[in-house]
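We have chain S already, so just place chains R, D and C on it with the hints.
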Amino acid sequence: MGAMNEQALAKYTNNFLREVEERVEEGDWVKMCMQCGVCAGSCPFGPDWEHSPQKIFMMIRAGKRDEVLSSDSMWMCTSCYNCVVRCPRELPITQIMHGLATYAERLGLAPKMNPTRKFSLQFWDNCTRTGRVNELKLVLQVYFRDGFVSGIGKFWDMRATGLKLLLARRMNPFELLFPHRCKDAKGIQAMLKKAYEIEDRRKGFAK
Amino acid sequence: MAEPKFAAYLCKGCGIGERIDAARTAKIAEKEGKIALVRQHEFLCSAEGVALIGSDIEQQGVTHVAIAACSRRSKTEAFQFPNVALARANLREGVIWVRPDTEEARETTQEMADDYVRMACAELKKMKLPAGSPERGCSKRILVVGGGISGLTAAVEARKTGYEVVLVEKQAQLGGWAAKLWKRVPEREPHAAPVDTGIQALIDAVTEDAGVKVYTNATLAQTSGAPGRFNATIAVESGSTAIEEIGAIVQATGFSLYDMNRLPELGAGKSPNVVDQAGLESLAREAAAKGLPIRRPSDGGEVNSVVFVQCAGQRDDTGRHLPYCSGYCCNTSIKQAMYFKDANPAVDTVVIYTDLRVPGNGEDFYRSAQKKGVTFTKGRVTGVEPSGDACKVSFRDLILDEDAAIEAADLVVLATGQVANAGVDIDNPDATDANGAKPISILNLNYRQGKDLPKLSHGFADSHFICFPYETRRTGIYAAGPVRRPMDIAQAKEDATGAVLKAIQAAENAELGRAAHPRSGDLSFPMVRLDGCTQCKRCTVECPFGAIDEDEKTYPVFNESRCRRCGTCMGACPVRVISFENYSVDTVGAQIKAVDIPDEFSEKPRILVLACENDAYPALDMAGMQRNHYSAFVRVIPVRCLGSVNSIWITDALNGGYDGVMLMGCKHGDDYQCHFVTGSALAKERMSRIDETLKTMALETERVATYEVAITDIGRLPKLIEDYARLIEKIGMSPMKGFA
Amino acid sequence: MTEVVATSQTIVVVGGGISGMTAALEAAECGRQVLLIEKTPTLGGRTALLYRYFPKLCHPTCGLEINLRRIKASRNLRVLTLAEVTKITGTRGDYSVTLKRSPRYVNENCTACGACGEAVEAAIDNPYNYGLSKMKAAYLPHAMAYPQRYVLDPSIVGTPEGAKAKAACKYGAIDLDMKQETLEIKAGAVIWATGWQPYDAAKIQPYGYDRYPNVITSVEFERLADPHGPTGGKIARPSDGKEAKNIAFIQCAGSRDENHLRHCSRICCMASLKQTQYLREAYGEAAKSTVYYIDIRAIDRFEDFYKKVLGDPGVRFVKSKPARIAEELQTRDPVVHGVDTEGYHRYATRHDLVVLAVGMEPSVKGADVPHEIVADSSGFIESAASGGFFAAGCASNALDVNRSVQSATAGALRAIQVVRKSDRVEA
Amino acid sequence: MTKEYAFYPGCSSQLRGSASNYLTSVNSMCATLDVKMTPIPDWNCCGASIGYAGSGELARHVMNARNFALAEEHLPGQDVVASCAACWLGAKETKQKLDASSQLMADTNEALKQAGLQYKGNTTVRHMVEVLIEDLGYEKLGAPVVKPLEGVKFAGYVGCQTNRPFGIAGESFENPLYLDKLVETVGGEALTKYEQKVTCCGGALAFSEPEKSQAQIKDIVESAYDQGADMIVTPCPLCQANVEVYQADINKRYGTKFAMPVAYYSQLMAVAYGATPKQAGLDGHVIKPTKLQEIAVKVVPAKK
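Chains as they are written, first to last, in our numbering: chain S, 80 to 286; chain R, -8 to 731; chain D, 172 to 598; chain C, 148 to 451.
Pulled out of the complex, with its shape left as it was, chain S reads as follows (with noise of 0.2 Å):
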């Protein structure tokens, strides 16, 4: 990657944005942003982002490798579609993001301590392992992530959410000791391994 890092720099070319169309989920999109801003308008979380989605398209025309791909900006999708829908260019903006995030976590230029990329992949962890998602389980994961203690707190201030919700029986104990889980674990992993695999040698990455 050093060698594209160098090159990327050098700005207004077009290498980031081949990059970009390389290796991005749908980022063969990004060239046809015609800047209207309709997605920037349309985000729920547009306050919170650094950059907008017109905006790091310009972005990445522009070459800004580094500036894009370590933002948390993509972070905050929701996946709310608002944007994809309205787009009038018709951009997939919603799968571009995911994929610059997943793009930045490969290369590890993903801001480290963003909740929701930590969030992101203990789901994924956590679905994948078994083939369903434990719910309990990523909930208190999620709380503990910084540690014991900080997560004992969190616990406790959401604790009478957690009780309302065991009282609906919508939160079971027994899921930490006898999950839900798909008859063929094994299998799924083997698979998702290949498909990791395949899209490794697809995309270009090193291994």
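The set of hints was computed from the structure by calculation and includes no laboratory data.
Derived list of chain R stretches under chain S, where covered just means 3 residues or more per stretch with a C-beta under 8 Å from a C-beta of chain S:
#: 1; region: 350 to 364
#: 2; region: 387 to 399
To list a few chain C residues with every Cβ distance to chain D over 12 Å, as calculated:
#: 3; residue: ASN174
#: 4; residue: ASP189
#: 5; residue: LYS242
#: 6; residue: GLN250
#: 7; residue: TYR285
#: 8; residue: VAL292
#: 9; residue: ALA316
#: 10; residue: LYS365
#: 11; residue: TYR401
For each residue, glycine too, the CB sits at the ideal point set by N, CA and C.
Chains R, D and C alone, transformed into the frame defined by chain S:
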């Protein structure tokens, strides 16, 4: 024409019969109007009523008909009698519909009707049936000036319509700019890639056609005459000259590119790697000829990065460059970026723009370029600094809101604009064009008013009219293509095709001695009594269409087929020797005199309204249709244009005891709406001088008022009239009554 | 029964708007026989419903008056209103055109005295004000209507209202027994000038045209400013008639959008710039316009007008395609949400009224033209295999008035080229 | 006759899941409507949109493709019907991508082979609501109503993923009306002017950045109150959970007094069809849907 026989018809329909004493009005037509045959009818526009008039014309040889009914704008189909002079008294929209139906209003309304009938009869007596101009041009050949894509298109289209063409081109070859392009922007779907210019096919069509006489290396040494009988003296570089008989002219002299050397801040002239769009086209053609990719001019090196700078020296507000947008450059840069992308997608092409202007399906072309990887950056370029074989392009990125730069561009293309080749500015012959060049005349017209087409703005010979884009101020000469307005090839071809139709029309009109737009088909034409002429030159100077030349003794020489029949000359003439058969100092003068002027104790002032027939009069009509009431003291006379108003009418009116005169014309100034360009402006100016006359007559200056009105002023006009009537009431009745 | 004389030298022009009138007149004034077909009861088309033209701010009816006078004076031009073309067969120089003619229920005796209009009480939506007002069911379309003849809305025919109209007419002009008729005529060439229609703004869901009364279209705004319009020229908003002094103009409402119209409609930018000046004219210093745009497309010397508007302190430009419009519950004020992309600034701006600069689509889409033609993906006509069928004005492309007239003039010449060929064959 | 579908309930709706009561009500509703929903044997998680950081592109599609393959194998010819918005979205997106790219299809099957499966590409993906509206229609849905939900005012909260980017055919993204129509079908009062119906609840950030998602939820609930709603109704388990569960925290954060019940359309229908509170999953709420409760316990004479 046989002994004139007059007849008047009074319609009682649409409530006229109920609102006025028709018998009395009819008697007035007989006695005062001195009309032998006067008939009343319940429903004159009915088939039966029209037949009655027809039979009178047939049986009794009636030649002059006065119809007192609705407005001259209504029932025109019904009241159409070939070879009969027609005057109309507007008793409906002009009288009963603008007056309240009350007892107290009855008398004044009646007087209004009576006067309009008097006026119609008086006008009729002075009217002659126009016979059409005796000056009949016979040539119908079309002269096309300029052999670029516009001119060639004009020539081909004229031929397809069966007209002979003479084509004059300054250069040695035909083809103009289009011949210098490698490819052009597509006109049709898919708007995906550059296409062939098609110029060669046009050149062949013209050169292989015996019906087109082509002069290359040639210019116009002189153009004299008028539609149908132009004489074009063509000077060929070799020194020979030829004279061609011409019916009408299409001027398609195109544009020069704005000189990029005026843009050193954008690197122009500092490196061969900075080119304008024409420069890139020639690079593309050379490369294509060798079957190689486009190379870097400085060293023939590979081109990896190209930057297109939009609006280079355009949309400028410093006053140093072109203030306007040339419209075609965005699509052209997109096309040129595709030259690179289609050959090698690895080349970086960046278009830096502020507003990307690709209307219509250009949007598809834009999208297609993006698909090919052309990138677009909304930014303002601040500088281009060549260093070695590369150029640094600095700009403000308007989206990222920061200063940015492209460090090493191999090629920088400046999208400079179009400067019209429109000849000399006749209003300011010493002016230089946007490139600082002193233009030489293109048409070399021997017209009294100057050698070339009048320019509209920014040096383009465009029409000022939105609804009538071909109406220039020189009848029978039509500008087409970028000489008229910045435009691309597709528009130029369409424009040239339209211009040819207008040229053909002008030639055909000339043969029939008819007027061209806006009085299309009018057979009347200005006639001058030279024995009375004082050679004051007002008519020759003021004619908006440069129709009148001067002979060696500075007598006016009228060229009817250049004339639009507005009557501005008639209005200008201090000795009143110019008139039309059916519209003259007398036809209007007689109407003014015909009005019955009550004495000054009657408290019945009379206000003369001279209303432009194109806008003010229809507005008054529509006010009537909406039943918007106004004073019964006004007497309205429609005029062809306020420019045709001769001050004698005003002074006669005032001497005759009128208490005020309102002149209603169209808006003048930069956004003028006068259909005869300068008519309303001239009237305004003339009336500013009438104050003197008023003083000598010891009359208040308020007694003559000029108004700019629009056709939509249906609400405003009645108000203006009411206000003016009140003003007259305030300053009192005219002391001149009873002397005339 | 309508009598129409047409031969293979006749040029049939379809559409009585400015393009159709121009094409017909230019051909007729070249001495050609022309039949002008109009679907509605009057000539004038869409421009007759505009208050002013850009960039001169002159009045469309001014040019209409001239064109109507040319038509009245022309011996070669015949006008057929309330007529629609249902079929065109044949080729260059030899077409057969089938017309469907709807009844006007008023014959040529009509003097436009207005008695029927006074007698009738039934009212219908006024299409000449885009339904923003009502009009009597016996009506003269508008003050400039040509032919200057009343029309009875079919809804009152066969009702007591229809009878009232008939009774009120002294001149036997009202004929309630008129029937729809079908005519077949010959023609040498056909010019298709059916013009454009505003894109259905309700389809642009985020802008809530179908939900919020104070979100209107640019064509409706023209009527609001027009003295002949529903408010007599007062710029007042629909919800409460309050003077609208703070107006948002949203560009590309439907245009340049894969979800709606893929093309750029060309006129909308200039139309909005023009409309900001209506506001200026009406409210002076109090006028506040905000133009939300992607690119301002003020081409050639229209740039001068753009510069003039840029200099108007009452007009703001925001480079943004607004994301959505919300409505304040109490005031019913529209609130425009989006991001100014020049430097990324979010806004949520309240306005009195929002005017959507709606896109232009062909009134008759290529696929619906009753003849074999080539049209682009937007439905604009490019050409016809039969060779003697031409498009003019906005049936051929998204054009402003000036360019439409050029296109129509060119179309007239092409048609003449066809019929003069057929003279020859017949001569 | 009985309509049969391959059911893809999804993780949250499964037994003991956070939306288990949704499943309960769906089952009850389907029983009444004579719709047979057979769960896809050994179905797996769709990966959901939030899983992106770990999943990448292919793995996500493979997860969904596995369910398709299982459905093809065990429930041939039956549409795969998801009741969860996220599952439906994920599955439908995969379906589209695979249909569009033979490359992706091949890669996917190469991976599936590891689990001894193959996807032939015959699956059709539907949402429970599509089945109701398109296969049965409002009329059929209205027929079994024995306890019309008279006098209850519902704010129809559609949320994001049931609505965008695919949505229900014929509905607009900004103002879908089917939920209101469903409410009216079962005799309830639909607050059609409720303008938060497609606002995002911020589900994806509910755990990671609660303050952000709760700001969203506040608007959603507040405007339901403004409209005079008795409860919110939704088709999405994630929306339901977020909007209901966090009201207490929102009250803490903003000093509001929210206690707005949030029910599933399926619960409305079950109750209207005469289900017991338990059958309709009314016991699964943190904020009790009292009005539904009251109607559910009412005894009405059985329909003749």
